[in-house]
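Asks: As you go down the protein sequences, you meet chains A and B in turn.
Heads up: the first sequence begins at 1 in our numbering, then just goes up one per residue.
Heads up: the second sequence begins at 1001 in our numbering, then just goes up one per residue.
Calculated pairs, BS3-like style, for lysine-lysine (alpha carbon to alpha carbon, straight line, at most 27 Å):
| id | chain 1 | residue 1 | chain 2 | residue 2 |
| --- | --- | --- | --- | --- |
| 1 | A | 158 | B | 1196 |
| 2 | A | 239 | A | 24 |
| 3 | B | 1218 | A | 158 |
| 4 | A | 156 | B | 1218 |
| 5 | B | 1218 | A | 181 |
| 6 | B | 1218 | A | 135 |
| 7 | B | 1218 | B | 1114 |
Since the hints were made in silico from the structure, they are not lab data.
These are the residues of each chain, in order.
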Amino acid sequence: MSAGVAEKTQKTIGGIRRKFAPWKDPSAVPLIRFQNVTKRFGDFIAIENLSLDIYEREFFALLGPSGCGKTTLMRMLAGFEEPNEGRITLAGEDLVGTPPYRRPVNMMFQSYALFPHMSVWDNIAFGLRQDGMEKGAVAARVEEMLKLVKLGQFAKRKPHQLSGGQRQRVALARSLAKRPKVLLLDEPLGALDKKLREETQFELMDIQMELGMTFLIVTHDQEEAMTVADRIAVMNHGKLVQVDQPAVIYEHPNSRYVADFVGDVNILDATVVSVEPGLVTVRPVAAPDMLFRIAQDCPAKVGDSVAIALRPEKLRVELDPPADASVNCLSGEIWDIGYLGDLSIYHVELPGGSRVKAAKPNLTRMVERPISWDDKVYVSFSPDAGVVLTS
Amino acid sequence: MTGKARGRWLVVAIPYLWLLALFLIPFLIVFKISLSQDAIAQPPYTPVFDLAAGWAAFRESLGELSIDNYGYVLSWDNEFIEAYGSSLWIAGISTVLLLLVGYPIAYAMARAPKSIRPTLLMLVILPFWTSFLIRVYAWMGILSPEGLLNQLLIALGIISPDAPLQILATDTAVYIGIVYSYLPFMILPLYSALEKMDETLLEAAADLGCPPLAAFWKITWPLSLPGVFAGCLLCFIPAVGEFVIPDLLGGSDTLMIGKVLWTEFSVNRSWTVSSAVAVLLLLVLVVPIVFYQNVQQRQLEGR
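Use the sequences and the hints to build the structure in full.
Replies: Take a look at the structure:
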């Protein structure tokens, strides 16, 4: 895909997306509802009393480490697993007990699961023929799908004659061909290299907008989830930890787990010193003579142990002390520097021995940067940079 | 030649030398005998090539070779052609029966939990640990009029003691014997084809609206075809030339080329005609063998 198309895609999606928030509308009716769903495999509880609403036209991501239950949740929607307890409804219809071949959802498999003995064309036509669609309509739909995923000239090839990226597109076209109410994507881009993956993410968003379908994606890649999804559900041990828009998940994580799992973060233990409306003052354990002021409403009480989450890009690293070095400032020595080209990551060792990471964009073309190994530096941040986490 | 090249040459040469010494040369000897005439002598045919007698004598011997034996075998007046046809028919029916019995077993094995699959494979191979001949004799004990099967059916009151089932010495007994003896050769290639099939493909088919039975015919069956071909040919080819099973379980009217060959060789003492029968049998089987090679080749190139 060319850069121009990607840009256009982003703009159109951005315009519509900014206003799209049915989960905030109390009158909106969810398309998919998981209600108190529990799934056990023997003694192992894969999903524990989970409830989740997903709305029509939403691009919804299930994010979590392997074994957190995200794939099980998706497979229950597809019908490959049945819940032990609870209800799963799609457009008001209870799905529990309906076999997979009668559910109006389609899935794109992680392994693609293309039929190796069929051509690309026959793979895409498989579901349509299964529905007894008449020949001309099948041909028209397959051609349309081939065009959508730009594989027109590969229609007669067998899957083993295609590259990984092309197979991924065939799998996508096959799962979209029946125009399912919901498309399930199980780690759809996991097998692609980084560049192709990033391109394909935008393509997926484009296709989702164009077809006006509901997409549910399972991924362990937090960048991927943040890029494509309207909302993300972060999962751990069969439970939802936080469900919200990507920016909320990133900027206002509700727990150490979410802060740590999504993006890079410094988590510092601290004790609450004072709580006022919109402002919390804490004393970090790693620097007991310093105070952090965080602009946030917080349910914590004075004396509580809390965690402060600080994203590396929100920290300033300087050789000279900031104007007010009495609050929101740590001093230490550069322990290591990770040069990434666009950014440099400075690992600063505090006097107590703990370390914080700070990212600094490399704004000028200097090979020798002023901050070097073992330099004494000041790490500071503004009151709205940090988050107080009570769990 | 460098050491490495010599090593490579050796690796390639060994199987060819093996085939040359143990297949091609014996075949040429049989072929030569098939072109000779019967004689009351030791060995019982003429001419006998005698390299010590010199070049002229060798050329004279060559002149004595003829294709008369083939004319004899292929003549409608004798029962050879009928025996070939009957052998192909019995082998064909047996192969279909083997497929019908073997496929469900192989399928169940391939879908069994991974931990018990080696045990199941072992059970399939286990009968090989007993002599083939003894196992066929055991079937005589089961199928004979006073045998275990009839005793059981009489005890259950299904048939009357006066009219036991006459299975032994019929073609049915031959089918039972062949299906029983060759079953592992059908199951193993089917199992290997079914076992490597990705089960996600069936989930994908179900996801696209395909109920389980339709998914079997559209996905599982076509993907198992290489195993089906391999299993069928592995059973069909040796079954055509089968001798022991029709001899022990079949009746006097069970006509199979292996039995005919045996009679020709040991009763009629005609090495020449039996050699001609053997060479023609090989020609009959070359067609399925070449077909089998082709399928294997395509399978290798496919992936």
